[in-house]
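Enquirer: Chain by chain, the residues:
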Amino acid sequence: MKTILEKIRENAAALGEQTVYSVYYMNNYAGGGREFPHLTWKELDEYSGKLAAYLHRTCRTKTPVVVYGHKDPWMLVCFLACVRSGRAYCPVDTSVPPARVRAILEDVSPETVLATEPLEYSGAPVLDKAALLAAAEGEPGQLGPEHAVSGEDTFYIIFTSGSTGTPKGVQITRNCLDCFIQWGITLGRGLDGGRRRVFLNQAPFSFDLSVMDLYLSLYTGGHLFALSREVQGDMGALLDALSCSGAEVWVSTPSFADLCLSDKKFREELLPRLELLLFCGETLTNRTAERLAAAFPRAETVNTYGPTESTVAVTQVRVTPELLRQSPLPVGAEKPGTWIFIQDAQGNDLPDGEVGEIVIAGDSVSTGYWKKPELTGRVFGSRSIGGTVYRTYRTGDAGTKRGGQLYYQGRMDFQVKLHGYRIELGDVEGNLLKLDGVRAAAVLPVERDGKVRSLTAYVAAERSGDDFADGQRLRAALKALVPDYMIPKKFVFLDRLPMTGNGKVDRKALGGSGK
Amino acid sequence: MEEMILAILAEACEDESVKDHLDIDLFESGLMDSLAFAELVFGLEDKLGVIISPSEIERDKMNTPRKILELVKERAGS
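Those sequence lines, one after another, are chains U and B. Going by my numbering, the first residue of the first sequence is number 1, and it counts up by one from there. Going by my numbering, the first residue of the second sequence is number 1001, and it counts up by one from there.
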């Protein structure tokens, strides 16, 4: 088995001038022409090897490096430069508001920050695009492979919503990523060997769904075609981008597929080469799967499940017409090297058919949260399976197993999955409380068809008499603190929040009054 | 007809207040995002048989409840 870094070097040597990555920005639609910003395999290899040499020469420690930007081709160069120099990278997308970016930067306290988009930070030198290019070109040669991260070293750190209002970093090792890839390339009819494919990238790099398209395409010598955020919000541009992509492997959240399916032009004729659709990040409903099967009758759809803490995904199932007779759809069977146990609150394994917490054991489970040993100790552990000790992770997801298939049944706590994004309701509440005039806040998910559709905020706050305007004011203020996907759709104003006997917010009472 | 359209819109936005703010900019106010718009399109097709292709319509032609009402009534009539 080759490691991801060995395989990338091999592919770069073989593919040279061929494109490894391109991105469709809004100006490609608005008269900017058909020149997509891109990177060749040779450029990726050379620039990342030389930037690795620069990092090796200029940094004193192996502290993780924050890479900030939005789908710029140089972000890939930066990711690989970090790991080739023995450092983990921590991707942060521009959709993260400045206050949260600062919280992540302070948590990581990197020695250097690589930024393809403007970023204000005084805690460490920030290399912008011009400086990155100059740094790479100023090096005489590439850094040797002996300096790269080893198997148990952290390869990347992805930050996810934390329950107290500050995000937490999930550390993924190179071995975790390699084990994920070995399984990933077997999905559908298999992705390795034969020919190189075009993979579609929807998710920003700070969301671990992007690891699926990025590394499966890098491992298999593919071409990753990315859609910028702006393009995803304009249906005309989006359909044009898709028709330019020539995509053969689709990787997205089910919500993004819903968005595309709302236009009748989203069908086989638009993406004639599409052979596989991979979904992860939230519930795939029967309705979405049926619409996809009708729009792309020749493509295969595979549903997957997994938290960031176990490297993207650990179960998979092919969505066939027979499977579609079931509702809800299962999320599938474990990958080799992963075992899923359903446990009760005391940590006892439950038999098939019983509902409990989904606990994952295996070779792709994270080593824990960055600089949070207490939180890590609470949800991570270990378990001996067949004489080998594997790391375990208690997901907080409720689920059940039947006939070898896992069924996801929602969360056991105050975390939700909204359009694929993982949100701790406490994170939104904690940030609402920072706003002027807000005395108390509770955020509840609104569900339909077993899927979270939006968030509603219940706030006890100063009121002007126009609740609608007050809601608009809070929404605008909250935007400076949390990413857009965490902003509640609806604000309900109350004089005070209902409380339970033990002094906690009575969420049940709110759920009843808010609909 | 109008009531039905507004009901579909309110369901897509998950907010009844759209019925009382016919001239509000749905996107700027955060009442509607791309996904809620997709829900609206599915709803109009399923319940009224009116097909709207998001790629063919400029967003500023459908950014308030009133504009949506007019467009859908026009499409349903033709």
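Derived from the structure by calculation, the hints contain no laboratory data. C-beta: ideal position from N, C-alpha, C; glycine also. A portion of the hints provided could be inaccurate.
Sample of chain U residues lacking proximity to chain B, with all beta carbon distances greater than 10 angstroms (derived) [unchecked claim]: (1) Cys59; (2) Ala103; (3) Ser150; (4) Gly190; (5) Gly233; (6) Gly236; (7) Asp258; (8) Ser262; (9) Ala293; (10) Ala294; (11) Ser382; (12) His419; (13) Thr456; (14) Ala477; (15) Lys490; (16) Pro498.
Here are the computed lysine-lysine pairs in the DSS-like style, where the Cα-Cα straight-line distance is at most 27 angstroms [said to hold, decoys possible]: (17) Lys1047(B) with Lys1067(B); (18) Lys1061(B) with Lys479(U); (19) Lys1061(B) with Lys1073(B); (20) Lys1019(B) with Lys1061(B); (21) Lys371(U) with Lys451(U); (22) Lys1019(B) with Lys265(U); (23) Lys42(U) with Lys7(U); (24) Lys264(U) with Lys371(U); (25) Lys1067(B) with Lys264(U); (26) Lys265(U) with Lys1067(B); (27) Lys1019(B) with Lys451(U); (28) Lys1047(B) with Lys372(U); (29) Lys479(U) with Lys451(U); (30) Lys62(U) with Lys371(U); (31) Lys1047(B) with Lys264(U); (32) Lys479(U) with Lys1073(B); (33) Lys265(U) with Lys1061(B); (34) Lys1073(B) with Lys265(U); (35) Lys1047(B) with Lys1019(B); (36) Lys451(U) with Lys372(U); (37) Lys479(U) with Lys434(U); (38) Lys451(U) with Lys1047(B); (39) Lys1067(B) with Lys2(U).
Enquirer: For a C-alpha distance cap of 27 angstroms, please report whether Lys1047(B) and Lys1019(B) respect it.
Expert: holds, 18 angstroms
Enquirer: Is it the case that Ala477(U) keeps its Cβ farther than 10 angstroms from each residue Cβ in chain B?
Expert: At roughly 12 angstroms from the nearest Cβ of chain B, Ala477(U) sits farther out than 10 angstroms, so the non-interface label holds.
Enquirer: Taking 27 angstroms as the top limit, are the C-alpha atoms of Lys1019(B) and Lys265(U) close enough?
Expert: The hint is violated at about 30 angstroms.
Enquirer: Please settle this one: Gly233(U) was flagged as non-interface, so is its CB more than 10 angstroms from every CB on chain B?
Expert: With a cut-off of 10 angstroms, Gly233(U) comes too close to chain B, as the shortest Cβ separation is near 5 angstroms.
Enquirer: Please work out if Lys479(U) and Lys434(U) have their alpha carbons no farther apart than 27 angstroms.
Expert: Holds, because 12 angstroms separates the two Cα atoms, which is no more than 27 angstroms.
Enquirer: Going straight from one Cα to the other, do Lys265(U) and Lys1067(B) come out at no more than 27 angstroms?
Expert: holds, 23 angstroms
Enquirer: Starting from Lys451(U), check that the Cα of Lys1047(B) is at most 27 angstroms away, please.
Expert: holds, 21 angstroms
Enquirer: Would you check whether the claim that Cys59(U) is not at the interface survives, using Cβ distances to chain B and the 10 angstroms cut-off?
Expert: Answer for Cys59(U): holds, closest chain B Cβ roughly 41 angstroms.
Enquirer: Does the claim that Pro498(U) lies outside the interface with chain B hold up, using a Cβ gap greater than 10 angstroms?
Expert: holds, 21 angstroms
Enquirer: Does the claim that Asp258(U) lies off the interface hold, with its Cβ farther than 10 angstroms from every Cβ of chain B?
Expert: violated, 5 angstroms
Enquirer: Quick one, are Lys1019(B) and Lys1061(B) close enough, alpha carbons at most 27 angstroms?
Expert: holds, 18 angstroms
Enquirer: With the threshold set at 27 angstroms, check whether the alpha-carbon distance from Lys1047(B) to Lys372(U) stays at or below it.
Expert: Cα-Cα ~51 angstroms, so violated.
Of the hints listed earlier, those the structure fails to meet are numbers 5, 6, 7, 8, 12, 13, 15, 21, 22, 24, 28, 32, 36, 39, in rising order.
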